[in-house]
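**Student:** Build the full structure now, drawing on both the sequences and the hints.
Each protein sequence line maps, in turn, to chains A and B.
Count the first sequence with the working numbering and you get residues 20 to 443, in order.
Count the second sequence with the working numbering and you get residues 20 to 443, in order.
Treat identical chains as interchangeable: a pair holds within one or across any two.
DMTMM-like, lysine to aspartate or glutamate: derived pairs with alpha carbons at most 25 Å apart:
#1 Lys141 x Glu221
#2 Lys262 x Asp280
#3 Lys252 x Glu35
#4 Lys222 x Asp282
#5 Lys368 x Glu334
#6 Lys147 x Glu188
Please keep in mind that the hints were generated in silico from the structure rather than gathered at the bench.
2 protein chains.
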Amino acid sequence: MSSNSKGVEILSIGTELLLGNIVNTNAQWISEQLSQLGLNHFRQSTVGDNCDRIVKVIQEISKRSNLLITTGGLGPTPDDLTTEAIAKSFNVSLFERPYLWDQIKQKLSNSKLLDDYSSLRKQCFFPKNAQIINNPRGTAPGMIWEPIKGFTILTFPGVPSEMKNMWEETAFEFIKTKFSDSYSFFSNTLKFAGIGESSVAEKINDLLNLKNPTIAPYANLGEFKLRITARAKNEVEANNIIKPVKEKLKKEFSKYIFGEDNDTLPSVLIKELTKRNQTIVFAESCTGGLLSSSLTSISGSSQVFQGSIVSYSNELKNSLLNITEDKLNKYGAVSEEVCEAMAINVKAKLSADWAIAISGIAGPNGGTQEKPVGLVYISIAGPNNHISNIKKIFNSTRNRIEIQTLSVNVCLNSLRLILLSNSK
Amino acid sequence: MSSNSKGVEILSIGTELLLGNIVNTNAQWISEQLSQLGLNHFRQSTVGDNCDRIVKVIQEISKRSNLLITTGGLGPTPDDLTTEAIAKSFNVSLFERPYLWDQIKQKLSNSKLLDDYSSLRKQCFFPKNAQIINNPRGTAPGMIWEPIKGFTILTFPGVPSEMKNMWEETAFEFIKTKFSDSYSFFSNTLKFAGIGESSVAEKINDLLNLKNPTIAPYANLGEFKLRITARAKNEVEANNIIKPVKEKLKKEFSKYIFGEDNDTLPSVLIKELTKRNQTIVFAESCTGGLLSSSLTSISGSSQVFQGSIVSYSNELKNSLLNITEDKLNKYGAVSEEVCEAMAINVKAKLSADWAIAISGIAGPNGGTQEKPVGLVYISIAGPNNHISNIKKIFNSTRNRIEIQTLSVNVCLNSLRLILLSNSK
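**Tutor:** Here you go:
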């Protein structure tokens with residue numbers, strides 16, 4: 020950062036955030052933008068609609084940062100206090116800009132929402148030397164203001180669509196010119212399945228300490244990814260920085276890496292099956308439709324996914340999937356024998372190249388000593404009716420939805436590995 | 020707040036938040052909890068995985084607040100620094116608790132994911148007088164620690180399901196006892212379906228300004244709820260404060276209110292059908308299993324849900340649901356005629372009291388001028404084959420998953436209304 024050795028902060032203003040009424044998606048969106056600009060964004064704060072508290076936090080920030088982005092508190096109501104509080108933080112007064120009032124009246128002349136919009140007049144008051152950020156989608160303009168040398172504030176409304184529009188039309192270029200140096204950040208993410216965060220982390224301790232590129236792990240339920248980020252002058256240079264690390268990771272974790280960036284297990288599977296011109300169907304019991312919906316949440320899934328039978332009751336396992344009562348009685352619905360028959364029969368009945376069947380105990384009820392909650396059988400039937408059977412016992416601390424979600428992940432990743440080994 | 024005239028803060032720790040990789044839903048969830056407890060939550064901060072920065076912000080917070088909730092940075096990787104940084108903030112050392120290491124080994128003994136989990140050992144180190152918050156769903160415990168008189172820290176992992184579970188099992192009671200005054204906050208939430216936030220808000224402007232109880236609206240995709248919160252000495256007093264407002268809302272919005280507190284549309288439907296001893300099945304096209312999985316995500320769904328046919332391709336609409344090729348060609352798969360036949364046929368084939376069929380265009384591709392993305396047909400077949408047909412056109416700005424989710428909501432709410440009118 021050229022003129023910016025200190026860094027950038029985001030301040031979100033609004034009591035609704037402190038009450039938990041809404042999720043702060045603005046902070047995430049702006050963070051991503053700042054990260055793309057390669058800025059040193061090191062801290063975020065949230066305060067309510069309280070003038071003294073806003074003043075206090077702005078004075079703190081002005082001492083440690085050189086760029087502050089605020090969202091919220093620009094509206095017409097008495098608890099919209101942002102501009103007023105910013106001015107107070109630096110002991111200056113606000114002055115009306117008559118042309119803004121004309122603009123607001125113009126904007127509202129076609130609107131039938133308000134009989135009396137005099138309350139909006141306060142949106143025309145700014146410090147004398149502030150530059151206005153036009154708000155094409157709303158009535159509340161923002162400002163770019165440097166109250167003291169080396170500290171600049173940009174204000175935005177809290178409405179996400181207005182904020183984003185103002186950012187893209189005005190703020191982005193201003194920040195890029197004034198605060199970005201010639202370096203930008205470029206990222207490439209590797210996605211993992213079938214391996215845990217700690218197993219990966221302990222094998223790449225050396226890589227986690229690199230400075231350029233940096234490598235950051237992210238974990239969520241049944242998902243794990245590593246983001247490789249390079250600081251570089253352009254994409255070519257970034258790729259040269261990222262490539263050797265990426266190659267090393269791909270070599271070390273080969274089959275555990277299922278994709279990059281926006282890939283998901285369902286999207287990768289759809290891509291692989293599409294490439295092979297093969298179709299897939301499911302017979303779901305304990306996941307109750309979740310496996311099907313994980314695939315159909317992806318646009319393009321109709322290329323490979325024909326449909327599925329959710330046979331939740333034993334009657335339907337019998338009538339729709341031809342599992343004999345004998346078999347159900349002898350082995351139980353949650354058994355390798357029944358699951359395998361479900362896969363074979365659904366594949367035949369729905370005429371597909373691949374079928375996955377799943378039967379288990381998602382809990383919290385229905386578990387026994389012999390068949391505990393978390394026990395899941397998965398059968399994958401492929402071309403030539405080659406069968407793969409998988410038995411999983413998920414940790415008993417897992418709740419119902421976690422067991423269902425993890426089961427779906429195992430289904431998708433297991434088929435991915437089978438396709439991978441077949442293509443060799 | 021008895022021992023708490025200063026207030027509560029939330030500190031979210033994680034570079035992924037500053038990079039904008041994830042939305043900070045934890046801060047929203049905890050804020051909602053603190054607000055229910057009636058605590059003076061006045062500020063939130065976010066910093067990255069940087070020990071010096073974490074130390075600095077914790078020292079600041081310890082001077083102005085008396086309770087701090089942190090999330091993130093408790094994992095096994097080198098950039099998980101929270102406990103270490105907190106200890107450093109107050110110049111104390113960390114000590115291993117061997118029993119925690121035993122617990123972690125125990126938790127992982129059934130798992131075959133890890134060959135070597137020695138990196139998890141750092142999760143057993145805490146300041147000497149810290150109380151441990153057990154983490155039933157993960158390996159990283161949290162702590163309750165009062166490093167200096169009048170300032171308490173509670174730490175939680177960043178994984179939302181682990182954090183929420185630890186909050187509910189341990190933290191909630193601790194905070195309630197130590198930091199709430201003799202007045203407590205009691206909440207009762209009314210859940211709405213089939214009506215938007217602004218339609219509700221404009222009819223209850225007067226109620227939104229009440230001081231005790233307060234009424235706060237919360238909106239999310241296809242969901243809307245009003246939380247009525249009373250400040251009272253006990254539950255009886257609280258109920259007396261809440262009751263008149265609740266009655267008024269129930270009268271005004273009667274059929275739009277589907278439940279209270281932890282009720283969801285699927286849970287309400289399961290309850291209603293169980294009460295009637297009736298069963299249900301689905302034929303899903305554009306929602307691809309999401310309707311089924313919304314029901315089966317609820318424990319107890321097997322009482323009423325038999326199963327479903329996800330007929331994604333036209334071939335399966337024909338072979339599994341007996342929709343004639345004639346009909347498919349004449350009307351198209353996305354039509355009232357086909358959807359109604361799907362409902363009637365799936366009900367007969369799977370022998371249930373109720374059937375819901377759904378066919379539409381979830382997009383982003385596949386839309387035409389005549390049948391745009393967002394067009395969805397829903398048919399509900401009930402006892403005596405009484406049919407209800409619903410046509411919806413969702414806004415074209417909605418993405419695929421939003422259209423699928425909103426469609427499922429309409430299905431569930433429509434059947435709820437039918438059951439409601441039948442029971443009169």
